[in-house]
Amino acid sequence: MAETTPLLELRGITKRFGAVRALNGVDFRVMPGEVVGLVGDNGAGKSTLVKVISGIHPGDEGQYLWEGQKRSVNSPPDATALGIATVYQDLALCDNLDVVENLFLGQEATVGGLLSEVSMEKKANDLLAELSVTTIQSVRGEVGAMSGGQRQSVAIARSLLGDPKMVILDEPTAALGVAQTAQVLALIKRLKQRGLGVIVISHNLRDVFEVVDRIWVMRLGSNGGEFDVDNTNEQEVVAAITGLTGNGNRTSKTEGTVTQ
Amino acid sequence: MSTTEEATPTPPPTEPDPTAAAATKESMPTGAKDLLNRVRTGDLGSLRVLILLAIVWIIFQSQESRFLSATNIVNLSLQITAVALISVGVVLVLLLGEIDLSVGAVSGVTSAIVAVLSVKHGWGPVPAILAGLAVGAAIGTFQGFISTRFGIPTFVVTLAGLLGWQGLQLKVLGETGTVNLNPGLLTDLAGKFLSDGAGWIVAIVCVVLFALATMRGYQKRVASGLAAPAFPLVVIRIAAVAIAALLFVYVVNQDRGVPVAVLILVGFVAAFDFMTRRTKFGRHIYAVGGNMEAARRAGIAVFRVRVLVFALASTMAAVGGIMAASRLLAVNQSSGGSDLLLNSIAGPVIAGTSLFGGRGNVWSALLGALVIGSISNGMDLLAYTSATKFMVTGAVLLGAVVLDSAARMGRAASGRV
Chain A
11 MAETTPLLEL
21 RGITKRFGAV
31 RALNGVDFRV
41 MPGEVVGLVG
51 DNGAGKSTLV
61 KVISGIHPGD
71 EGQYLWEGQK
81 RSVNSPPDAT
91 ALGIATVYQD
101 LALCDNLDVV
111 ENLFLGQEAT
121 VGGLLSEVSM
131 EKKANDLLAE
141 LSVTTIQSVR
151 GEVGAMSGGQ
161 RQSVAIARSL
171 LGDPKMVILD
181 EPTAALGVAQ
191 TAQVLALIKR
201 LKQRGLGVIV
211 ISHNLRDVFE
221 VVDRIWVMRL
231 GSNGGEFDVD
241 NTNEQEVVAA
251 ITGLTGNGNR
261 TSKTEGTVTQ
Chain B
2 MSTTEEATPT
12 PPPTEPDPTA
22 AAATKESMPT
32 GAKDLLNRVR
42 TGDLGSLRVL
52 ILLAIVWIIF
62 QSQESRFLSA
72 TNIVNLSLQI
82 TAVALISVGV
92 VLVLLLGEID
102 LSVGAVSGVT
112 SAIVAVLSVK
122 HGWGPVPAIL
132 AGLAVGAAIG
142 TFQGFISTRF
152 GIPTFVVTLA
162 GLLGWQGLQL
172 KVLGETGTVN
182 LNPGLLTDLA
192 GKFLSDGAGW
202 IVAIVCVVLF
212 ALATMRGYQK
222 RVASGLAAPA
232 FPLVVIRIAA
242 VAIAALLFVY
252 VVNQDRGVPV
262 AVLILVGFVA
272 AFDFMTRRTK
282 FGRHIYAVGG
292 NMEAARRAGI
302 AVFRVRVLVF
312 ALASTMAAVG
322 GIMAASRLLA
332 VNQSSGGSDL
342 LLNSIAGPVI
352 AGTSLFGGRG
362 NVWSALLGAL
372 VIGSISNGMD
382 LLAYTSATKF
392 MVTGAVLLGA
402 VVLDSAARMG
412 RAASGRV
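These protein sequence lines are chains A and B, in that order. Residue 11 is where the first sequence starts when you use my numbering, and the numbers rise one by one after that. Residue 2 is where the second sequence starts when you use my numbering, and the numbers rise one by one after that.
Excised from the complex, chain A in its bound form:
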């Protein structure tokens, strides 16, 4: 894995909001087909880092490398063009529309200026089947009447329509029940099988451990440590999040310090 080019690599990213340094020389890396868990306490800079990646807030300093190439990502469309899809915590679904309508929202298939419902519905069925989403019984069911897990599945499936190379999932299992969490985690594993890079932001370390390959800890706007899930445990990660030890098999070169 070390030999292949990372899908996404950030080097020394700094982001300031006025006098506040939200990110301070952060390094980050996602390999193709790798699921990376981004964890950290509230205010550690996870969201800001994701916003830098998805182009909402471009970084002030540092390098943004996509498949080994230096890129400047200054807006969400820039990130989308690279092949980065983001599923936000609020899912951004229209409750009054059905699954097909939500999946193709803003990118509806048309024939002669008219919506091509049949082709969209077929594609929706195929996509959900491909992802083994069997919990959604009718793609013509209103999304507002669906469970949290089903809604999350719809949102993730929608992010895949643009054939992205990397998917960012913001708290995908927050507020989900046990069975639904299991569904979503299984779905994340299938994204990995498709060769996608996946970033999972989560507060729930148990979910993170179940699904990710590598854990990246953020702490006070800097790197708080990088852990291989096979060689670590929850206690170690919690210690890194809270800053008690901050160790682990760190590999970042410009390792951030805990206090500035």
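Possibly wrong hints are sitting among the right ones.
Partner residues are not named here, just some residues of chain A that face chain B (Cβ under 8 Å, in silico) [unchecked claim]:
1) C104
2) L125
3) E131
4) A184
5) T242
In case anyone wonders, no lab produced these hints; they're calculated from the structure. For each residue, glycine too, the CB sits at the ideal point set by N, CA and C.
Start from chain A and add chain B according to the hints.
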């Protein structure tokens, strides 16, 4: 819920199995339980309003045998065209989750402009009508732009419009206050009727077109292996439309025939219904009304959709205003006033279009106007005063809004299980 596939509580195997998943979605939920659920959560708004309409008609017919006579059916259909045309635009605004309080005033001012241009300035009816529609479109564009650009609630912007356009209407009409239309195209809109034969032909053509379109949609779904409604349901739907259309023509042919105004109304309703269901723009209206932020993030030009909807609403208000003028044979200072605005908003709501946005359809404009018009017409026949009419209409509206809110709560309770 009528699926034959077993429910899998645990995550499915990692090996994708497209056939099984596809089979799951094959079956369409058509069970009675599902139907009940849809009624409860307000999905079957049009069925609800048809039941309401039947009740209203039965009550009035039992009290006054002239109510369902050919003459009165023609009168009723002429009475509702103007308000139903205005309601078509109101439905679009309601789908956005917004409100347009200016439609009455806009219908008044645009019809005044049409009347003044054609009577006082000698314009031909067609250029005058086009000018009126253009003014309507401009007003709507302005109101939509102001409210969206500055983030002002449309309630306030269109309330200002209501006052402003009313003033403009008085100014346009001048000191006489009333402009009588010259006989011609403008008065023919509401005054002409199809001959018996032409009425039958139009009805049959419409029914055949509807049947062909419905069958084609059904066959396309079946051919693509998608879930399709049960075939008997498709036949029932076509039969219901055919019976309604042919029965209407049969009845009105006993009197003066099919009013041209009704043809215009049904044409507009069908066209807008098609637009909202089959075009990207229509889909985007529902999306913006359902979740504006989600629509924005999906790349929908929310600003453009909103401004366009308000432009269309005011244009339809102008269409309704012209129709009202044609029926009155004049435009005066009270044109577009009185209960026109309230009825044009109450109608779609009674017929199941949600005030909260994202739910409803264009046919609710016609059906709602029919309910309100029937109540008003029936009470006139029974010699009730306006006082009673207003109170009954108000009670029906309140009942409809309560149902709408109850449906919303039902959805909230059944959703996010």
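If any of the earlier hints don't hold here, list their numbers in rising order.
4 and 5
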